[in-house]
Amino acid sequence: MTTRDRIRQFILSELNWRGTVEELTDDYPLIKRKAVDSLDTLRIATFLEREFGVKVTDADLTNRNFGTIAGLAGFVAARREPSA
Amino acid sequence: MTSGTLTGLLATAAAVHGDRIAVDDGETAMTYAELRQSATRLGGRLGALGVRPGDRVGLLLPKGIAFVVAAHGVLAAGAVYVPLDLSAPAERLAAVLDDCGVRAVVADPDEADRVAGMPVVTDPLAAVPGDPGVAGQAVREPDDAAYILYTSGSTGRPKGVVLSHRNALAFVDWAADYFAVTPDDRIASPAPPHFDLTVFDLFVPVRAGARVVPAPPEVAAFPVEAVDFMREHGITLWYAVPSQLIMLSTRGGLPAGGLPALRAVLYAGEVFPPARLATLMAQLDGVVFHNLYGPTETNVCACHTLTGPPDGPVPIGVPASGAELSAHADDGTPVPDGAPGELWVRGPSVMRGYWGADPVALHRTGDTAWRDGSGRWHFVGRRDHQVKSRGYRIELGDVEAALLTCPGVLEGVVVAVPDELITNRLTAFVTATAGVTAADVAAHCARVLPRHMAPDPITVVDALPRTSTGKVDRTAVAARHGAARNASAQNGGDR
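Chains as they are written, first to last, in this note's numbering: chain A, 7 to 90; chain B, 73 to 567.
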């Protein structure tokens, strides 16, 4: 499973997703449509740390990183890269 | 122009403060003259779509300039705006649209497909060629409805709280005066449009010629973004629920002295745990904190201004918005000072009534409170099965009714488990036919309930404990849950 699919699976199974599976696309605006709230973002952060072994700080909790599944996957990828 | 209405309020601001910035989202800024012009133009467009004075118009927009223009535009048409919950599932949205007979909707372009089959405006700021332009405003009277806010009902259906122009202005006038709002103030709230806190940032700046900076959804979701937003826009007055403020305090990375413009924080909607509040007050040294109290039906009807960090429960304070408060025993007789009773509210901020129901002269809050010898009110708790969670008032029976509409579910009970961050966690226990899983029930709840009402966690059990009269024993359910939590903590399980 790709990073995006693993994140998608987490949102579908753990975060009370209220639409159809098809609706939860990579670019679905999670925050704008309030699909996740501030407490959910903390659960996602914990999930990313556990699942992908990345460190998530409070400063990482932004719309750019957490606004969409694509953004979350991009964040994970950037954190996994050894810093140049 | 009609004085004593919200449209009159905007007209006055356009006349007195026409060149001042009314609304600014960081990309677009609009003066009071421009805001009134945009609102009048939108009102004309809504009229051309068939909206008549007194009709209801839904607002399916996140907080932003479009929302501000849309709310004023609906009022300019003489109509009643109904802010809709963007997170509401289709069934709940349909129930609200149907309940008050929404005639048209102003929607975010991304949301328009959710209200298909109804006249929709997706570009409220646009000057559409051939539109009626600055047609005369529909004159409304102070007691006409201005907006309807939907809250949890006791029958499983959403309940519309109808508020008049007079109701809104009772609060707006009081707040502008009490918080000494000036044209230099920059006001914001992360509360979503359908939450009654939004009446503050939508209209109080208009009274004073101040600026509203509409806080986009990411500001509500991310504490660090909230702090950046407040700093970038020089926010002077911030109005939020305690759970949002606790996140700000614990995860916002608040630098000492980092918000020099901020002069006051207003909170409402839930009890602020005193120790948490004291921490935030220490982080925001020099900022004045105000505890505002009032159900949606009365708007803010009491206020307590803190003079220092709390060393115990914070009072809800003295009457506000011209309200009269009294405490009553179960038989309706008033109780003396010092004795707890149900808090009743009368006055100009009290709603006209619920949509489709008779007008009311007073509102019985369902809250228990008492008044001390100095005239200050103190909150004790809820009298019934309503609880607060994430700042929303929730009828546990509504959540239980939704559980029972899930195929295969036989019984369901919801208990509120105290939670320091969100006040209460809605915890559901159900019995069900074989094969029905907690995930099935959760998926069903996600379809029929708005997010803040969806229970989490849900547990499928073999049987629910009973009282001697055969009713579900809520106390035993709650006790059993507490025991289960402790056991899992002892086993080292974190979730």
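These are computed hints drawn from the structure, not numbers from a lab. Mixed in with the good hints, there may be bad ones.
To be verified - Covered stretches of chain A (in silico footprint by chain B; criterion: 3 or more residues with CB under 8 Å from a CB of chain B, positions within the stretch not fixed): (1) 10-23; (2) 54-61.
Stated by the list, open to error - DSBU-like, lysine-lysine: derived pairs with alpha carbons at most 35 Å apart: (3) B:Lys460 <-> A:Lys61; (4) A:Lys38 <-> B:Lys460; (5) A:Lys38 <-> A:Lys61.
Stated by the list, open to error - Label pairs and their computed distance ranges (CB to CB): (6) B:Arg303 <-> A:Ala76: 45 to 53 Å; (7) B:Thr194 <-> A:Arg56: 53 to 61 Å; (8) A:Gln15 <-> B:Gly98: 40 to 48 Å.
We put the beta carbon where it would ideally sit given N, CA and C, even for glycine.
Open item on the list: Just to be careful, I want the Cα atoms of A:Lys38 and B:Lys460 compared with a cutoff of 35 Å; is the pair within it?
Closed with: Holds: A:Lys38 and B:Lys460 sit about 24 Å apart, inside 35 Å.
Open item on the list: Between the region 54-61 of chain A and chain B, are there enough contacts, at least three residues with CB-CB distance under 8 Å, for the coverage claim to hold?
Closed with: violated (count 0)
Open item on the list: Please verify whether B:Lys460 and A:Lys61 have alpha carbons no more than 35 Å apart.
Closed with: Distance of about 33 Å is within 35 Å: holds.
Open item on the list: Against the range 45 to 53 Å, how does the distance between the Cβ atoms of B:Arg303 and A:Ala76 compare: consistent or not?
Closed with: Violated - the Cβ-Cβ distance for B:Arg303 and A:Ala76, about 28 Å, lies outside 45 to 53 Å.
TODO: Take the C-beta atom of B:Thr194 and the C-beta atom of A:Arg56, compute their distance, and say whether it sits inside 53 to 61 Å.
DONE: violated (41 Å)
- [ ] Could you check the hint for me, namely that A:Gln15 and B:Gly98 are 40 to 48 Å apart, CB to CB?
- [x] Distance hint for A:Gln15, B:Gly98 is violated at roughly 35 Å.
Open item on the list: Can you tell me if the region 10-23 of chain A counts as covered by chain B, using C-beta to C-beta distances under 8 Å and a minimum of three residues?
Closed with: Coverage by chain B holds here, the residue count being 3 at a Cβ distance below 8 Å.
Open item on the list: Hint check: A:Lys38 vs A:Lys61, CA-CA at most 35 Å. Holds or violated?
Closed with: Roughly 25 Å between the alpha carbons, so the hint for A:Lys38 and A:Lys61 holds.
In summary, the structure is inconsistent with hints 2, 6, 7 and 8 from the numbered list given earlier, while agreeing with the others.
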